[in-house]
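Enquirer: Single-letter residue listing:
There are 2 protein chains.
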Amino acid sequence: MHVEQQQNLNRLQELLARGNGELAAFLRELHPADLAELVEELPEVHRVQVFRHLGATQAALVLGELDPETQAALVQALGARRARDILEEMGADDAADLLAELGPEEAGRLLGEMKAEDAAEVRELLHYRPDTAGGLMTKEFVAVHAEMTAQEAIDHLRQVAPEAETIYYVYVVDRSDHLVGVLSLRDLIVARPDQLVMEIMRRRVVSVRYDTDQEEVARVIAKYDLLAVPVVDHENRLLGVVTVDDAIDVLEEETTEDALRMSAITPDEESADPRAGVWALVRPRLPWLVALLFLEMLAGKVIEFFQGGFDPATLGLLAVFIPVMAGEAGNGATQALAVVVRGLATGDIHPREVLRVVWREFRVGLVAGAIAGALLFAVASLWHRNILLGLVAGLALAVNLPVAKTLGALFPVLLHRLGIDPAVASGPFITTLTDVTAMLTYFGIAAFVLLHL
Amino acid sequence: MHVEQQQNLNRLQELLARGNGELAAFLRELHPADLAELVEELPEVHRVQVFRHLGATQAALVLGELDPETQAALVQALGARRARDILEEMGADDAADLLAELGPEEAGRLLGEMKAEDAAEVRELLHYRPDTAGGLMTKEFVAVHAEMTAQEAIDHLRQVAPEAETIYYVYVVDRSDHLVGVLSLRDLIVARPDQLVMEIMRRRVVSVRYDTDQEEVARVIAKYDLLAVPVVDHENRLLGVVTVDDAIDVLEEETTEDALRMSAITPDEESADPRAGVWALVRPRLPWLVALLFLEMLAGKVIEFFQGGFDPATLGLLAVFIPVMAGEAGNGATQALAVVVRGLATGDIHPREVLRVVWREFRVGLVAGAIAGALLFAVASLWHRNILLGLVAGLALAVNLPVAKTLGALFPVLLHRLGIDPAVASGPFITTLTDVTAMLTYFGIAAFVLLHL
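These protein sequences, in sequence, are chains A and B. Start counting at 1 in the first sequence, then tack on 25, and there's your number in the numbering used here. Start counting at 1 in the second sequence, then tack on 25, and there's your number in the numbering used here.
FYI, nobody ran anything at the bench for these hints, they're computed from the structure. Treat the hints with caution; some may be incorrect.
Stated by the list, open to error - Derived lysine-lysine pairs resembling DSSO-like cross-links, with alpha carbons at most 27 Å apart: (1) A:K248 - A:K164; (2) A:K326 - B:K326; (3) A:K248 - B:K140; (4) B:K248 - A:K164; (5) B:K164 - B:K140.
Computed from a predicted structure; not experimentally measured.
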């Protein structure tokens, strides 16, 4: 939090404690995004107090910036009438997200209180899955007909601008609401007033379907540098638009989800919330810890299998290098995994070239393994004054790294081929898997070298 | 790549092979972002062929979508005159990025060829560090004076709109170019034509300084849902604007950098490029692999220190569970690390509450450790028909997980306090560190239990 915001917070807390009339004036001066940041810092009772002092419009803007659980708690605390006033001021898309959080019964009651027109829009949006284009879109866009003139379109825009969420793209529809073109406000501004919309509109419109996954929607907006993308049904009828600010939120959300998945946490509403209860944090992690526990026991099984073949003194020496073998395999695999998962996520790696990428990682492992292996050979030989042990450790590491890097690169590629998000190829899963292969190569090489030399 | 793009690629390759006149017509129909995607798939000689068939305007748009190295290679292959024509059509910000990639000598030569006015803008932008607001901004914005009427402002806008990169915000400056307000195009459209700009402008403008880090710039745009943010000098004079599409690119770039850092790869231009040469991929990884090798040897030192105290049979049994101890500590720590690093990156974790977050992770570790430890106790006791071994393993895991989770949460918090990006708290570093603590607790507990019971 910035210094200025920290000062705002102190001032806000002071005004809340005194409970005097300056509070409303102070709140009016704050940007909704800044105020939302401050509200998150306050206890529930103070949050409600703040919202009682806000106008419905500002309250709607601030509420839209808070996370869904906080929204729901506030709306319940504010009472039905006040909640209805705020809901009517919110964008229909934000209102739908909030009502979805409240559950069907309370949502139905609030919808019943709202103006019929507003309620109908929100009801329609509630039908779409929240993580699709339909769930993200707003109905508050501007559409015109192709036969209008530029001046007529601007006049229409003037009327609807205060209601619309984005006016920088004007969509052109035919009489049955099919999307036939798009104009930017820039096109309208530079056009001659009597030019027809159909003469200046662009006919190739980038659009998404209502059931397109939200990440794909965000990627389309990012790729084509759009301020908004229109959402159509299966017959190309215009249903709504998704704006670039929602796209940014989706990209951030997906980044967090990928970061959690890659760290062996199943993402849910609370798994990334460090203020959630302890059990809410344990639940999405424990299944992975238990599953990986059994996989690690497999690595133990490998040690058990081989250890009968060594005399106790040798086994003791070998045991000292188990962490090096397992650790470096995991580190090498994690590096390859990160490059491949990010490459697939950003589209930098094209599906056609994945095998070339895996092959390159294998060669990277060979080079890194040769260097790190030589180093380990030198250190281990000197440390224990035992060249044979150094040879085993160095050789095992040199074999281990290419194997680990190949696995780290191959696994996300396989998932991608199977249509599964490569981010579930969690680092912990890969490092655990490479522990098994590391023990196999290490003790295998030890058995071979020590029993044959 | 989508099916449609795959078809486009096939068609493009066919036309390139035949070399006939249809190529130019086919290229004209493609969106610059789509064409850039196709160009990346082509060999160098075909890339140049494509650019010879594009108009300068489309060539500039396509070039702007390519990565800097590809841009530089193409510009060099196209020759100075053609390169100059394209550079003049590019946004000054994109042109500056490209010239920075070419190196001072060639950049100077091309700037000499360009129109003096265009060259001056590009030269100015070349002075700013590329990863700051100054390096990201464009000079092609719209500014008006506060004494203009709404109609005069719209007329001015009409004239400059074809040149400007964003016209949706109109910035208001005084006679010395100080930023005094902002209008959205929406405000202008709904205002009465004779209203003065100073009456309708907003006086509180969110702005950034030319030397603000690019990630901070992107976060400001995301937080306030802006389409662009103005960049000012230390005296609040308006220098340029950064647009939302650049903010999205920055967020993606920072996500990739964080993902690499967290996987023990030092990010550089080629470290995330799976098509880079083997050595270019080895270089940013090897220092970490070597450093962590020595840290892993410390874990080995711990084993060596304790092993004299056990008889060979016991040591053999204990060795079997080394991967479980080291692996589960790493997995648990990685989970905590991910939640805290993401929380700090998105601002979900406020600096004031970091210690509460670490404390919560400790308790999460206690719960997860109790459950996983009980499970391991049961499995290990049954597997080896040795309750004492089960007790050591289960107890060690129960102690290990809270220690590991605390370290995983504490480390990024410490870095954050020191003003270092918490993403350098790489997963591999933490898993290696917890290997050391895991060996300490495991063999420590084993020594205590087995020697005292």
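Enquirer: Each of the hints needs a verdict: does it hold here or not?
Expert: Hints, verified against the model:
1. As the CA atoms of K248 of chain A and K164 of chain A are separated by approximately 23 Å, the hinted pair is consistent with the 27 Å bound.
2. Proximity of K326 of chain A to K326 of chain B is assessed by CA-CA distance (about 23 Å); at most 27 Å being required, the pair is judged to hold.
3. For the hint linking K248 of chain A to K140 of chain B, the alpha-carbon distance of about 31 Å lies beyond 27 Å, and the restraint is violated.
4. About 23 Å separates the Cα atoms of K248 of chain B and K164 of chain A, which keeps this hinted pair within 27 Å; it holds.
5. Under the criterion of a C-alpha separation no larger than 27 Å, the hint pairing K164 of chain B with K140 of chain B is consistent with the structure, at around 16 Å.
The structure does not agree with numbered hint 3 stated previously, though it agrees with all others.
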